[in-house]
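Just need the whole structure built from these sequences, with the hints factored in.
Residue numbers (my numbering), protein chains in the order written: chain A, 1 to 391; chain B, 392 to 782; chain C, 783 to 1167; chain D, 1168 to 1552.
Derived by calculation from the structure, the hints in this document are not laboratory data. Please note that a few of the clues may not be correct.
Derived EDC-like pairs (lysine to aspartate or glutamate); straight-line CA-CA distance at most 16 Å [what the hints assert, rightly or not]:
#1 K1436(D) / E518(B)
#2 K421(B) / D1369(D)
#3 K1516(D) / E425(B)
#4 K591(B) / D1517(D)
#5 K269(A) / D919(C)
#6 K271(A) / D919(C)
#7 K1049(C) / E774(B)
#8 K200(A) / D1132(C)
#9 K770(B) / E1041(C)
#10 K1051(C) / E127(A)
#11 K267(A) / E1546(D)
#12 K1131(C) / D199(A)
#13 K662(B) / E1294(D)
#14 K289(A) / E1546(D)
#15 K1053(C) / E127(A)
#16 K408(B) / D435(B)
#17 K660(B) / E1294(D)
#18 K662(B) / E1321(D)
#19 K1268(D) / D1226(D)
#20 K30(A) / D984(C)
#21 K412(B) / D435(B)
#22 K1550(D) / D259(A)
#23 K1438(D) / E518(B)
#24 K58(A) / E114(A)
#25 K662(B) / D1304(D)
#26 K657(B) / E1166(C)
#27 K266(A) / E1551(D)
#28 K1433(D) / E383(A)
#29 K271(A) / E909(C)
#30 K1477(D) / D2(A)
#31 K1438(D) / D530(B)
#32 K271(A) / E936(C)
#33 K269(A) / E909(C)
#34 K1131(C) / E34(A)
Some chain A residues judged to face chain D by a derived CB distance under 7 Å, without partners named [as the list claims (entries may be wrong)]:
#35 F3
#36 L299
#37 M300
#38 V326
#39 L374
#40 A378
For every residue, glycine included, the Cβ atom is placed at its ideal position computed from N, Cα and C.
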Amino acid sequence: MDFGITPANEDLVEKAKTYAKEIFQKRAGKYDREGCFPRENFEDLSKFGFTSLTLPKKYGGRDLYSDPSTYAMVIYELSKACTNTAMLFHMHSSITHVITLLGTEKQSEFYANEVKNGKIFASWASENTSSLHGQMVMDTKAKLTKNCYLVNGKKYFCSMAGEADYYVLWCQLEDEKDLSKSIVLLVSPSNSPGFIIQDKWNAFAMRGTMSHSMLYKNVKIPAENLIGTPGDAIRPDVLPKFGFGYSAVYLGAGGGAFDWVTNYAKKRKLKPDNVPIANFPNIQTRIGKMKVQLESALLMIQRAGWLIGTEGAENAYGAINEAKYVAAKTAAMITENAMQIAGAPSLLRDTPLERFHREARAGLVMPPNLEKSLELSAKIFVEGTASSLMT
Amino acid sequence: MDFGITPANEDLVEKAKTYAKEIFQKRAGKYDREGCFPRENFEDLSKFGFTSLTLPKKYGGRDLYSDPSTYAMVIYELSKACTNTAMLFHMHSSITHVITLLGTEKQSEFYANEVKNGKIFASWASENTSSLHGQMVMDTKAKLTKNCYLVNGKKYFCSMAGEADYYVLWCQLEDEKDLSKSIVLLVSPSNSPGFIIQDKWNAFAMRGTMSHSMLYKNVKIPAENLIGTPGDAIRPDVLPKFGFGYSAVYLGAGGGAFDWVTNYAKKRKLKPDNVPIANFPNIQTRIGKMKVQLESALLMIQRAGWLIGTEGAENAYGAINEAKYVAAKTAAMITENAMQIAGAPSLLRDTPLERFHREARAGLVMPPNLEKSLELSAKIFVEGTASSLMT
Amino acid sequence: MDLNTNPENEDLLEKAREISTSVLAPNADNHDANAEFPRENFRTLVETGFTKLTLPIEDGGRDLYSDPITYIMVFYELAKGCGSTAMTLHMHNSVMFSLMKLGTEEQILRYRKFAKSGKIFASHAAEITTNAQWNRDISTIISKRNNQFFLNGEKYFCTMAGEADFYVIWALLENSLNTSEGLRFAVVDSKKEGFSIAHRWDAYAMRATTSHSMKYQNVQLDEEDIVGKAGDVDRIDLVPKFGLGYSAIYLGIGAAALEWTTSYAKKRKLKPDNVPIASYPQVQRLLGEMNISHESAKLMIQRAAWKLEKFSTEEAFLAINEAKYAASKASAFITDKAIQVLGGPGLFKDYPIERFHRDARAGLVMPPNSDRALASIAEYYLKEG
Amino acid sequence: MDLNTNPENEDLLEKAREISTSVLAPNADNHDANAEFPRENFRTLVETGFTKLTLPIEDGGRDLYSDPITYIMVFYELAKGCGSTAMTLHMHNSVMFSLMKLGTEEQILRYRKFAKSGKIFASHAAEITTNAQWNRDISTIISKRNNQFFLNGEKYFCTMAGEADFYVIWALLENSLNTSEGLRFAVVDSKKEGFSIAHRWDAYAMRATTSHSMKYQNVQLDEEDIVGKAGDVDRIDLVPKFGLGYSAIYLGIGAAALEWTTSYAKKRKLKPDNVPIASYPQVQRLLGEMNISHESAKLMIQRAAWKLEKFSTEEAFLAINEAKYAASKASAFITDKAIQVLGGPGLFKDYPIERFHRDARAGLVMPPNSDRALASIAEYYLKEG
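So, in structure tokens, the structure goes:
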């Protein structure tokens, strides 16, 4: 196991750190409070070439999904400043990667160009099954009529709804029940008719992701906008990649809180002691615990990344779930402790702690949920294989 | 809710405290190390009249099951000195209570007399179903032939096997599947033929309970030794009482560890500070947590006791399970923290901490197990009734 | 240990339940969203006598601090509807109780009159610290120049700032030797000059308490505005009473989350199973943990109240600290698990769960915070035990 | 970060696995029950070269401290079979490494010879304290009278007391200014006069390490028995290396529990279901938690070893402390959950689970205990970060 950042891509993590600290950090509070899409951030990310990082090199990208650990660390660094931005960046980067992976030469070139023109891609898969229940159910149906797919259905947690330039719809072809033969990805310009925002996203956490519920009413998508062949999207070498990025996103909320609070603890002095609270044993115990957990979670993410890189996403499926579990737990634990360290001031919106705390909460409930992660980890560990566990 | 000890029975808790401190504490290490039955303790308990506490007053008892909170506190105090003794005392007290509750006048008088003669009663119900699985399965069968029941089967966790004077066997009448019509209690003198120790009790915890696995090979029990009518033993006003006492037994392991370690923390000084370690903030945090949890667990036990007293065991079923859950968790948490406070010396058998730690462990796995307790608590809370959940 | 509420005061509990459900709960999300003081709630509370709970019975009050078990159960019920309302009402009633204990005869008559006419009193004590339990390092000062008193200083977490009719400000007489000798309550009409909001309360939790930071610049006081005398701070034992109320309020928030989640779990069905999620083992496990945690914490606050009733505040101090810790922990735990039961929808602002979750968090960090509470439990126990 | 073991040393890992399974594991319960030193294990370990792991290659050793990742994985594997054996072997190898670093040329030659002939060295450092991490408050003293040196003092947790051939005793030269100046290793033949067992090791955990308390009364030393010079204690950074080995050993114990429990869960069936309990969701949940906890801790110890290899001990210090904490916690957690998977039978001495559970506990309380480890992680991080 040889972890860490590929030297060739080292610049990306450094850049991500710099952008995060100098640009994105300041804007994070606003996006959260107002619950609005981090448009300025995406404009900057596009300007810096970050929105095309996962495109193949021949289209001007960095093919960053071939170096999953670096990919994760870039997301992690962005998330330490703004978890919303990191999440949406991951959605965009993953789906554009998938488009160029599964698409035809012509499609790849076209969409890669659109990315370079600053276009943003969203990907909508979630339906109204709860995270408690494992099996994937797809009620959104696509019907081929002449040269068009007619899409009808309802989707939940549609990130960047009303904001992205392209929506990638996950639907099932009518008259075929087996998902591995019928699930399709259809790309639609966001200004096509038939997209209706049904429930506005007004959430406790991840407020800037604009993850409205969407109704599709006879959305027409040209047949040529089908990406890959039916079933490709849930191929075991494709699907797990989406999950991998989540761990870095959520852990970022913990990393951000950790950085902030350790810095705070070094400066904050209380009457009558007048020594930094970082000297208090109870606070040191908390900081120690946070630090160890953070390091472990980072290693778990790197391990999953290393496995994707060396064994393929299919064989990394267990490790990806384990990384997500540890990352979500760790982020929640860190923000909890950070608030305890900061005490009552942590309730004030002047500090970013309450924001990180809320973002971390999303990690605990958004899929793959914790219970399912544990179950998967056990099954793969006990049976030694991930086959047929993924959907 | 009016908790606490009935004044009329206050003497019993005080006596239990005194015996525990002055007599039982000293012997606890030996019983544990040698894995032997606490016979001297039972001789003393008999001498002090404690083995007949749960007998009806007309047979010279104190009818202590009508005052469940006091009963629990007596057990708790004994357990703080010797968890094994408390457990066996509870087994004996519960089954003699049940015998006089369900038995005929003649039976009650006879067995009450035997108790006063110093005889000890054991009660064996467990079979080879794991604690993971809820439903009661009874493979031990009793067959009525002429004036005798012929009993065959195998039992696990038979406390006081080879030590008690009477064994109360839980078996199922042959040819009747419904447990509520077929489960019977049969009393047998322990010297009857057919009792075979199959696996010696050599355990990590509760070593003095001598809970061997027993084989019954054509054990003959006179028909008149049947207690009550078939199904009585699992009547909802009878069965939950056994569970109630466990919470006090296991919490005692926590209470014992707490008393020991707080006393230790007040005295123990370290170079170069030379102040008691009780002054260290980290140790105070631990002590504070332990104290709060201990108080909560005691209240949960008293609440269950109060409910048994006022509403009957049937309606206290949820509270009994909740008390068991909290008590087991609390005892484990306290012994864990106590070992951390004492540090490396806690590993030495000179301190009782490792013994308490092991006894508390039994609370986490012996039935009713934690998962089932949670499930029951939820079901009763959600549905408002305990019906049909008990076996 | 008799944990029953006094039958004479049972009506209050019922009324509290009713107000909580029909008045407080429906408005709570709005007040929270806008971080605005629940004025119309207080109109109802004034009308129904809940602002006079701790006044003597002869004044139309209920002398409810003599029945602490009922007192806390009333606030537990109110907090289920709206944590912020319960908290501010508790502050009012508790500080009113102190004024009745410590005022001169004239002062008592005056404040009674105000209270009877529906005036609301806020209590402003906290100064900038963290991790300190009962902060006694006070730098808000009452000074005297030419027979005129002036108040100067700054306070944090001033509940009902800009909303109450009177502010009761914990301040030190200039040049006093120590807190015990010099602490006084400055009772000031909120319309006086010299108050300014130093920092608006835009908080994560308990948003409708409008607990701004307040600055006092040469606020003029008359002698009659200054309540208490040397040593009162030790005598009155007010702070533990505040603490007991906090524990009831924070637990009420958890209880509301438990009730709401349970009813949700009984109704919510998922495809393709189509049975209520309450029948899933994972959900039962969570509900079981929540229920048990709530029950134990409730016993802890009732026990503390019972101790306060039967013994001195001094003797109840340990139990009160234990209750505060247990209640805060339990509610944080319950609201965490509630979100787990809901899954993704647990994040929706459409449901009150995320508000319960946030409000419960305040219990962990507001003074006495959990670490301090634990340390003082240990210190106190080790001294006694 | 390259966490691979060095291919050149791969044979050691394989051998370690084999010895662990075929020699250590079968005897472990017996040694534990009788609290007796695993002599026959050591016979095998001597024969297979495992007592020379840290010796230079020219001496037939493997210089394994230059490949810390392999070093820890070897001890991780051995600990799966028997924690006590792994621990005592680690002590021997680590102290041997120090002697090679600090001895004079003559001393080195001498100890090499002993080591090659299969002699076992124990390291006795701990004195009576708790909560202290690297205790430097040493009161075992080397004094000199008429050109003859004498050792006096008392040590705790002396692994292999009464069993090793040589005791390496951490002691201070009489009248030295401080530990840094005065600390020496007294290397004493265990057959010398003046040793007595002050307190037998009848412990809850790691019973076969025979870590009695030892008393030294006027043990005679020659000058050649005293290793090191002023300042060596700072230079050698031995203590963190000990710590790294501990973390591997404690994690190995947890790993053994995980492996054993998994295989049990795959076989064990319950009436009336008759499917392996590994298919129950509750059991999967537990196995999942155990597995994840093990994986993360393993990465933490590998990372610490990697840091030790690539950077100075100083720079690896933080990671080593983190690894020790993470490994101890993980193993305590894993063995707790293992008992839960088994239920009642988890208590049986017939199964090794209760031994794993006990041995893992030692990781939490043996120095550096968890609280101390956390504090030093924080201190160190806050200084650096």
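Tested hints:
1. For the hint pairing K1436(D) with E518(B), the CA-to-CA distance comes to about 14 Å; that is within 16 Å, so the pair holds.
2. Annotation: proposed proximity of K421(B) to D1369(D) holds, straight-line Cα distance about 13 Å (limit 16 Å).
3. Taking the CA atoms of K1516(D) and E425(B), the gap is near 14 Å; set against the 16 Å cutoff, the hint holds.
4. Between K591(B) and D1517(D) the CA atoms are separated by roughly 10 Å; this keeps the pair inside 16 Å, and the hint holds.
5. The suggested pairing of K269(A) with D919(C) holds, with an alpha-carbon distance near 14 Å, which does not exceed 16 Å.
6. Pair hint K271(A) plus D919(C) holds up; C-alpha atoms about 7 Å apart against a cutoff of 16 Å.
7. The straight-line distance between the Cα atoms of K1049(C) and E774(B) is roughly 13 Å, inside the 16 Å bound, and the hint therefore holds.
8. For the hint pairing K200(A) with D1132(C), the CA-to-CA distance comes to about 10 Å; that is within 16 Å, so the pair holds.
9. Restraint check for K770(B) and E1041(C): satisfied, since their Cα atoms lie roughly 14 Å apart, inside the 16 Å limit.
10. For the hint pairing K1051(C) with E127(A), the CA-to-CA distance comes to about 14 Å; that is within 16 Å, so the pair holds.
11. Under the criterion of a C-alpha separation no larger than 16 Å, the hint pairing K267(A) with E1546(D) is consistent with the structure, at around 14 Å.
12. At most 16 Å may separate the alpha-carbon atoms for a hinted pair to count; K1131(C) and D199(A) meet this at roughly 11 Å.
13. Proximity of K662(B) to E1294(D) is assessed by CA-CA distance (about 10 Å); at most 16 Å being required, the pair is judged to hold.
14. Taking the CA atoms of K289(A) and E1546(D), the gap is near 12 Å; set against the 16 Å cutoff, the hint holds.
15. At roughly 10 Å between alpha-carbon atoms, K1053(C) and E127(A) fall within 16 Å of each other, so this suggested pair holds.
16. This hinted pair checks out: K408(B) and D435(B) have alpha carbons roughly 14 Å apart, not beyond 16 Å.
17. Simply put, K660(B) and E1294(D) have alpha-carbon atoms about 14 Å apart, close enough for the 16 Å limit, and the pair holds.
18. Restraint check: the Cα-Cα separation between K662(B) and E1321(D) comes to about 15 Å, which is no more than 16 Å; the hinted pair holds.
19. Restraint check for K1268(D) and D1226(D): the C-alpha separation of about 14 Å stays at or below 16 Å, so the hint holds.
20. For the hint pairing K30(A) with D984(C), the CA-to-CA distance comes to about 13 Å; that is within 16 Å, so the pair holds.
21. Pair hint K412(B) plus D435(B) holds up; C-alpha atoms about 14 Å apart against a cutoff of 16 Å.
22. Note on K1550(D) and D259(A): the hinted pairing holds, with a Cα-Cα distance of about 14 Å set against a maximum of 16 Å.
23. Between K1438(D) and E518(B) the CA atoms are separated by roughly 10 Å; this keeps the pair inside 16 Å, and the hint holds.
24. Between K58(A) and E114(A), the direct Cα distance comes to roughly 15 Å. Compliance with the 16 Å bound is thereby established for this hinted pair.
25. In summary, the hint linking K662(B) to D1304(D) is supported, as the alpha carbons are separated by about 7 Å, within the 16 Å threshold.
26. Between K657(B) and E1166(C), the direct Cα distance comes to roughly 12 Å. Compliance with the 16 Å bound is thereby established for this hinted pair.
27. Between K266(A) and E1551(D) the alpha-carbon distance is near 12 Å, which keeps this suggested pair within the 16 Å criterion.
28. Taking the CA atoms of K1433(D) and E383(A), the gap is near 9 Å; set against the 16 Å cutoff, the hint holds.
29. Between the alpha carbons of K271(A) and E909(C) the distance comes to roughly 10 Å, so the proposed pair stays at or under 16 Å and holds.
30. Between K1477(D) and D2(A) the alpha-carbon distance is near 14 Å, which keeps this suggested pair within the 16 Å criterion.
31. Between K1438(D) and D530(B) the alpha-carbon distance is near 10 Å, which keeps this suggested pair within the 16 Å criterion.
32. A C-alpha spacing of about 15 Å is found between K271(A) and E936(C), which places the hinted pair at or below 16 Å, so the restraint holds.
33. Restraint check for K269(A) and E909(C): the C-alpha separation of about 14 Å stays at or below 16 Å, so the hint holds.
34. The straight-line distance between the Cα atoms of K1131(C) and E34(A) is roughly 14 Å, inside the 16 Å bound, and the hint therefore holds.
35. Annotation: interface hint on F3(A) holds; nearest CB of chain D at approximately 4 Å, less than 7 Å.
36. Proximity of L299(A) to chain D holds as hinted, the smallest CB-CB distance being about 4 Å (cut-off 7 Å).
37. A least Cβ separation of about 5 Å between M300(A) and chain D falls short of the 7 Å threshold, and the interface hint therefore holds.
38. Interface restraint check: V326(A) against chain D, minimum CB-CB distance 6 Å, threshold 7 Å, status holds.
39. For L374(A), the shortest C-beta to C-beta distance to chain D is roughly 3 Å, which falls under 7 Å, so the interface hint holds.
40. Of the supplied interface hints, the one on A378(A) holds, with its beta-carbon coming within about 4 Å of a beta-carbon of chain D, less than 7 Å.
Every hint from the earlier list agrees with this structure, and none is contradicted.
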